[in-house]
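Got chain A; can you put chain B on it based on the hints?
Those protein sequence lines, which keep their order, are chains A and B. Each residue of the first sequence is one higher than the one before, starting from 1 at the first, in full-length UniProt numbering. Each residue of the second sequence is one higher than the one before, starting from 1 at the first, in full-length UniProt numbering.
Since the hints were derived computationally from the structure, they do not count as laboratory data. Hints may contain errors.
A pair holds if it fits inside one copy or across any two, identical chains being indistinguishable in the list.
With a straight-line Cα cutoff of 20 angstroms, these simulated SDA-like cross-link-like pairs (lysine to any residue) come out [what the hints assert, rightly or not]:
no., residue 1, residue 2
1, K223, Q139
2, K39, G230
3, K243, H172
4, K165, E247
5, K223, L284
6, K91, I199
7, K47, E36
8, K233, G129
9, K191, N167
10, K191, H19
11, K223, D66
12, K223, N141
13, K39, D25
14, K243, D269
15, K82, T32
There are 2 protein chains.
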Amino acid sequence: MLGAIEAGGTKFVCAVGDHLGNIIDRVQIPTTVPEETMKQVISFFRKYELDAIGIGSFGPIDVNLDSPTYGYITSTPKEGWKNYPFVQTIKAAFSIPVGFNTDVNAAALGEVTLGAARGLDSCLYITIGTGIGAGAIVQGNLLQGLSHPEMGHVLVRRHSSDTYKGNCPYHHDCLEGLAAGPAIEERWGKKGIELSDQIEVWDLEGYYIAQALMQYILIVSPKKIILGGGVAKQKQVFSYIYKHLTELVNAYVVLPELSEYIVSPGLGDNAGITGSLLLAQQALENG
Amino acid sequence: MLGAIEAGGTKFVCAVGDHLGNIIDRVQIPTTVPEETMKQVISFFRKYELDAIGIGSFGPIDVNLDSPTYGYITSTPKEGWKNYPFVQTIKAAFSIPVGFNTDVNAAALGEVTLGAARGLDSCLYITIGTGIGAGAIVQGNLLQGLSHPEMGHVLVRRHSSDTYKGNCPYHHDCLEGLAAGPAIEERWGKKGIELSDQIEVWDLEGYYIAQALMQYILIVSPKKIILGGGVAKQKQVFSYIYKHLTELVNAYVVLPELSEYIVSPGLGDNAGITGSLLLAQQALENG
Chain A
1 MLGAIEAGGT
11 KFVCAVGDHL
21 GNIIDRVQIP
31 TTVPEETMKQ
41 VISFFRKYEL
51 DAIGIGSFGP
61 IDVNLDSPTY
71 GYITSTPKEG
81 WKNYPFVQTI
91 KAAFSIPVGF
101 NTDVNAAALG
111 EVTLGAARGL
121 DSCLYITIGT
131 GIGAGAIVQG
141 NLLQGLSHPE
151 MGHVLVRRHS
161 SDTYKGNCPY
171 HHDCLEGLAA
181 GPAIEERWGK
191 KGIELSDQIE
201 VWDLEGYYIA
211 QALMQYILIV
221 SPKKIILGGG
231 VAKQKQVFSY
241 IYKHLTELVN
251 AYVVLPELSE
261 YIVSPGLGDN
271 AGITGSLLLA
281 QQALENG
Chain B
1 MLGAIEAGGT
11 KFVCAVGDHL
21 GNIIDRVQIP
31 TTVPEETMKQ
41 VISFFRKYEL
51 DAIGIGSFGP
61 IDVNLDSPTY
71 GYITSTPKEG
81 WKNYPFVQTI
91 KAAFSIPVGF
101 NTDVNAAALG
111 EVTLGAARGL
121 DSCLYITIGT
131 GIGAGAIVQG
141 NLLQGLSHPE
151 MGHVLVRRHS
161 SDTYKGNCPY
171 HHDCLEGLAA
181 GPAIEERWGK
191 KGIELSDQIE
201 VWDLEGYYIA
211 QALMQYILIV
221 SPKKIILGGG
231 VAKQKQVFSY
241 IYKHLTELVN
251 AYVVLPELSE
261 YIVSPGLGDN
271 AGITGSLLLA
281 QQALENG
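Here chain A stands alone, though its shape is the one from the complex:
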């Protein structure tokens, strides 16, 4: 039996299941301070005989196996979680293999194994919600180099009609600064969900997301792109993404039919937690 943690900034989802994505129990735990949250996480898993646990975590995290701080959440502003030894805490409690990666890399793994990119060896998963993050599978492996990707902060060109300054504390008007949920709310004065019928909102949103996808396509050439997160539940945004991306790419690279290439998660809201089960399975196989 496998355990999985999808660790987010507002809540942790913990689940118990198998490597086929079957989930037999799950719980949601609010993300407060580590002592409190992790106590509940550990007590949930204590009910089961687990072989391994997989963690898909908010970041930035240290995924470099050679690093002395491997397994840590690193520079988050979230109180109590900065330099938090996540893997070490779980290992100390259970003494079993622990897989560790970003929440979005876990979701990409879930989608490529059991979701919308099933059967492929490559996909990119991007979540657009409170923040923007993306992970990818490249030739069957979780994308990683010096560190994990930080694709939510790619540079985009501001639309000439957009006077909103952007709210990324690091880069002001990077993708996250202009297109995540809080940016939509600050720009238009309402949450995205209340703006569903406002064409200009989704046209502009599609304009920014398409630019990011253009960069991802030119750089990693994913075989499938999966759009998750709250903002991407506004399905009307897809047609604007297709429109702007078609203009940007201008037939320079050959892409599949966009409505089949850029899609919603096959696993719905379970991409992250399912991918975390698969991280547990990988950890088990690698000892």
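Only chain B this time, still in chain A's reference frame:
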């Protein structure tokens, strides 16, 4: 013994050597029409008993092993080379294993194996010259998905003082359209090599290159970045790249000291041809 072809738009470099990068013979052949150029290529290799040949080619090319046009140069405007069966032509002549990838992916392979990124499992090689292209090694493998990367065409933000419209036939003011050699010449009225002491030229060039590197770093997180090609031989551009990249990243991701992270090719002008020898070696090992 291994053969290698670095196939460029103006010349082909052919070499014979080994997988340690030792080259015992080489020749340069002008790129004219395929019948003419390939006749000379084949006649050069006929002098040797070869076990495999590696090709690092200008693109776009078809690197998808499952594709019916695998091994082809595809949509180039270069006369005679559009839909040219490159691998098939070499195989027909020699009946030995043939490795095939982009010139820049080959250069990245050369640099990670025997050059500036030796000992790492990850690097990005970008060439800035007549055009701009980049290849990468990710977790030890040549980066590839739906197709090979087309990183030279990433979107950049135009500098407010730059009125040059850009010369990319597909995207106008993408990176290649604003920062390749021909763009420098058209914008400033002279070739880059004649503008070595013009600070504003290299500051602007660094401004655009840094934006592209920012995207590459956020998306694939390479462990080393290698800048090759004619424009990058103007070493003064490096300090401007470092300056602009530092401002853009704004300490959001932790990078090595930039002067050690973003460097010239360890193999000098031999990165591509050496990488092509290594593609031959890979083809030999894979049968």
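A quick look at each hint next to the structure:
1. K223 / Q139: both (10 angstroms within a copy, 18 angstroms between copies)
2. K39 / G230: neither (28 angstroms within a copy, 58 angstroms between copies)
3. K243 / H172: Only across copies: K243 and H172 sit 18 angstroms apart there, 26 angstroms inside one copy, limit 20 angstroms.
4. K165 / E247: For K165 and E247, the Cα distance is within 20 angstroms only across copies (18 angstroms; inside one copy 25 angstroms).
5. K223 / L284: neither (28 angstroms within a copy, 27 angstroms between copies)
6. K91 / I199: neither (49 angstroms within a copy, 55 angstroms between copies)
7. K47 / E36: Intra 18 angstroms, inter 74 angstroms, cutoff 20 angstroms: intra-copy only.
8. K233 / G129: within (9 angstroms within a copy, 43 angstroms between copies)
9. K191 / N167: Intra 15 angstroms, inter 40 angstroms, cutoff 20 angstroms: intra-copy only.
10. K191 / H19: Neither, since 37 angstroms and 59 angstroms both go past 20 angstroms.
11. K223 / D66: between (30 angstroms within a copy, 14 angstroms between copies)
12. K223 / N141: both (13 angstroms within a copy, 17 angstroms between copies)
13. K39 / D25: within (18 angstroms within a copy, 67 angstroms between copies)
14. K243 / D269: Answer is neither; intra-copy 26 angstroms and inter-copy 41 angstroms both fail.
15. K82 / T32: within (13 angstroms within a copy, 59 angstroms between copies)
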